[in-house]
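J.: Listed below are the residues making up each chain.
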Amino acid sequence: MREITLSQAVNEALAEEMRRDERVFIIGEDVAEAGTPFKVLAGLVEEFGTGRVVDTPIAEPGFMGIAVGAAMTGTRPVVDLMFGDFIYLIMDQLCNQAAKTHYMSGGKLNVPLVLRTNLGATRRSAAQHSQSLQALVAHIPGLKVAMPSSAYEAKGLMKTAIRDDNPVVIFEDKLMYQDKAPVPEEEYLIPFGEANIKREGTDITLIGTSSMVQVAEKAAEILTREGIEAEVIDPRTIVPLDEATLLKSVRKTSRAIVIDEGHQSYGVTAEIASRINEKAFYHLDAPVLRMGAMDVPVPFSPALEDVTVPTPEGVAENARRLMSGEMIHAA
Amino acid sequence: MAKTKTNTEDYLQMYRQMVRIRTFEDNANKLYLDAKMPGLTHMYSGEEAVAVGICEALKVTDKITSTHRGHGHCVAKGAAFKEMFCELLGKEEGYCRGKGGSMHIADQSNGNLGANAIVGGSMGIATGSAFTAKMLGTDDVTVCFFGDGATAQGLLYEVMNMAALWKLPVIYACENNGYSEYTRTEEIAAGSITARAEAFGIEAHQVDGQDVLAVNTLTQKLVARARKGEGPFFLELMTYRYHGHHVGDINREYYRTKDEEKDWKENRDPIIRFRGWLVSEGIASEDEIEAMNAEVRQDAEQAVDYALNAKYPDVSEVDMHVYSDIKHALA
Amino acid sequence: MPHDVTMPQLGMAQDAGKIVSWLKAPGDPVAEGDALFEVETDKATMEVEAQAAGFLSGVTAAAGEDVPVGQVIARITEEAEDDSAPPEPSAPSAPSAPQSSGGDDLPEGIEVTMPQLGMAQDSGLLVAWHKSPGDAVQADDVLFEVETDKSTMEVPAGADGYLAATLAEAGEDVPVGNAVAVISAEAPSNPVTRSAAAAKAPAPKAEPEQAAKPTEPETRQKPASKPAPKTAPAVSANGRILASPKARKMALDQGLDLNRLVEAGHPQPYHVADLEVLKSLPTKSAQTNAVQTRHLTAEIPADGFADFARWAADTAGLSDQNALLAGLAAACLPTGTGTVRVEALGQSHSYAVMPGPLSTIQPAEPDRPADLILRDLRFSRITSVHLGAEPAPVLTLARNGDALAITLECAGDHLTASDALTLLSEFAGRMEQPLRHLL
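Line by line, the protein sequences give chains A, B and C.
Here the first sequence stands for residues 213 to 543, numbered as in my numbering.
Here the second sequence stands for residues 16 to 346, numbered as in my numbering.
Here the third sequence stands for residues 24 to 462, numbered as in my numbering.
Hint data in this document are derived by calculation from the structure and do not stem from the laboratory.
Be aware that a few hints might be false.
[As the list claims (entries may be wrong)] Cut-off 27 Å, straight-line C-alpha distance, at most; resulting in silico cross-link-like pairs (DSSO-like, lysine-lysine):
id : chain 1 : residue 1 : chain 2 : residue 2
1  : A       : Lys371    : B       : Lys342
2  : A       : Lys392    : A       : Lys371
3  : C       : Lys154    : B       : Lys280
Let the hints inform the model, and build the full structure from the sequences given.
T.: Structure, rendered in structure tokens:
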């Protein structure tokens, strides 16, 4: 199978959906000729024109609001939010307007909008361009949240998102745009709410989101050399969340670590760990651990930034401690 | 659809719509004072000529966005009393199945994209609606209602900027009623309101908001031009609200005088004024007008009665309409 | 000393708060800082924390009630008091006003009701009428004045016509929504004046002391239900055992007792892997720990054995009294035979007893283990024994004045209960009347 980069995969998904449905359009900063600073959208304006690949001024609340109104009246916008950190700027339009319109109108108005943005630190972009804010939006009823972990997921989830009539937030890891993965030529969609078991194992379940999937896979390779077989699962979407697959795995292994690049406290890991605790309690032979980014703003200096995020060695070390039956208090 | 109406019918329709708004508000106010209405609401009484003058220049597929003071716009755009009262009381037959209430009332089939509880929250939506019209090539126009207080919101300038850049068919209608909640407009809006729009190169007009004919004539011209792609436009309508900011704002002498209220009510009331004009022009007799008033009153009473006795939505609806494709979000 | 819980002032202009729900019930223990109840103000719903620790008691305001700021609504006492259940919420603060439609002796016309003038206000004090019954009124005329928490307000008539009836007098409190006047289209022939007290009043506030069936405040947080005890086996004497949920469940399913790991000194916390250790613990120690000891006593008034022993020696030449004892005892065993070891006066002799005359009793083989031990303490000062189970059942003879106390002790699996009872009662019988044995 051919291998393409995550950037190419997203580009393909958008192009295919825009060909398929003329109501789909892209709006955001530097999306047209520039194809965004990450170059993900290169070539789209040439094919679809500036009427459907719309450059905006630097006005996030403004163009997000416009996208919400456009979605409510018959078009299907894909909003390009250049950095996930800017979600704070658009919170009213995203969480008060887009997320709630279907409900507040008693089901009469839809907002079929996709918010395409990114997450991920270790790029030396410092505190305001390195945040992973998926927990913020997953918390709001009415939004769906997808977190592709490779080019394959990025294309399949994006196509599903565009065809979904609800507002969807997709987070891409900005450090993965040049990473390649096998992606079929034929069309495929990845449904929301279906986790993917990337590696089977019997001793411990490692659940990772976005690039933390690769961190978990590397940890699994370390552990297998020590005789510990880890099962690695990628939930792919955190809203809706495929609980059944996660719980089935934990019942088999009786141990779990949840890894996400949002902050350690009050985040995605806490939610998933909590559900495992509630629904697989009697199958647990060890506490469920959370591993997130350190509860500090992302530092600039490489010496500091790199210790704030979960690593394969860190995951492996926690796995060993759980296997040994050591009395663990906090990860 | 072309429908030849004589001017008489148009005038009588305008009068009737203004009376309907006033009657609706009187009844809603009474429901609040009788402690029969949950929550609060915001009275439009006194501003009828603004909503009616503008909406009578629109067709059904033209869109409007509304504010927290939204009953007037809702009635003016074609809503029925029964469903409106039901919505205010949280009943199942309300326009939003009781899930939106007064501050989020929306009437999608008549082009009302909804009232909004966030000041300025609907400006993006209105501009987006105009974006859709342009992108899909319809000749629909969108009117964005907002108050003088909302000119303090940054979103207004972000969307006016883009509307002007892209020449969107949107009319920004600023209902300047002299007060932003409990503070005089002069104290919260520096400079000139129309000049704000003009700074973006948007043609702006100021008009007496108590003169329904003046409002309607001007709006018709601007709407026709907007359909041809000459938009956006900005209107500042000088008007006055008789009640307080919300129905509980009864003791309000600390921020405006009874004399001022009396002056507007007696000397500048849009309904009394238009009525006088209708009679003096021989378009309708006093008796005919009285009959119309009585009919509207009766219509309202019946609707109130109906709504008071109508059923609430079943509790099982609480988690419906969170997502368009998931019947019960919490199942 | 009991601590008073009062309705706090939560907003600058707020004079009363509406209790949304109680988060603790009377009798609940309360720690300082625990959320006690929720109050709704103009702006939001807020939680009020307990300012003291103790038990919630003496609750006098229920969910749904408006309570003036500063009023005491509960107490926190040092010990739980047996309070009546929280009172029924009083009649809703906005009673539905019966809109009489002209009947009830009232003139026909438009009703003027007591308006709601503040969010938490459910009644208004009618200060003064500005019009008298029979007067003509215009819609904007001031009809009456109302005093609320905050100020005095003028209420307009709201309709043109004639004041045909006033239904409350100056100085009376009228619930919001109740009719206070009727305005008719034509001048009334008999204008009506009434007082609100005389009118059919809506349901008064329930007395706080009148507790109906206890109603649960709506948003009361139920404590997470404790896991059913069936997941844990008997807790060891030292307190709880630390073990993972899976280990506990597997232990329960397999009938394993985690206590044994504790007693074996195995370090906690226990995981699934530790169940293997549990399974490999020696069973003997398990058995002796788990199994019971039987202890039966009997008493006979006089010792018939001494005479019998003399008679047997004289008549039959059986001079070994211990052998005789062994024979009498063994006859009461389930098989009627066995090796009996008799211990007396510091010496021990074992006998093999077969069914048949006592003369056939022989000394037992040297290493043969005893099926029954008989301890003769008649010549000691010991009156009763409680020595625990030994490798074989033990019958002990001791003097208690003139009487003879016979004790049987054995392990649960030496003899069934019924065999133990048979052994002792028959042996006691033979010791009382040994000649019976020969018959």
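J.: Are the hints correct? Go through all of them and say.
T.: Taking the hints in turn, this is what the structure says about them:
1. A:Lys371 - B:Lys342: Given that 27 Å is the threshold and the Cα spacing comes to 22 Å, the pair holds.
2. A:Lys392 - A:Lys371: holds (19 Å)
3. C:Lys154 - B:Lys280: holds (24 Å)
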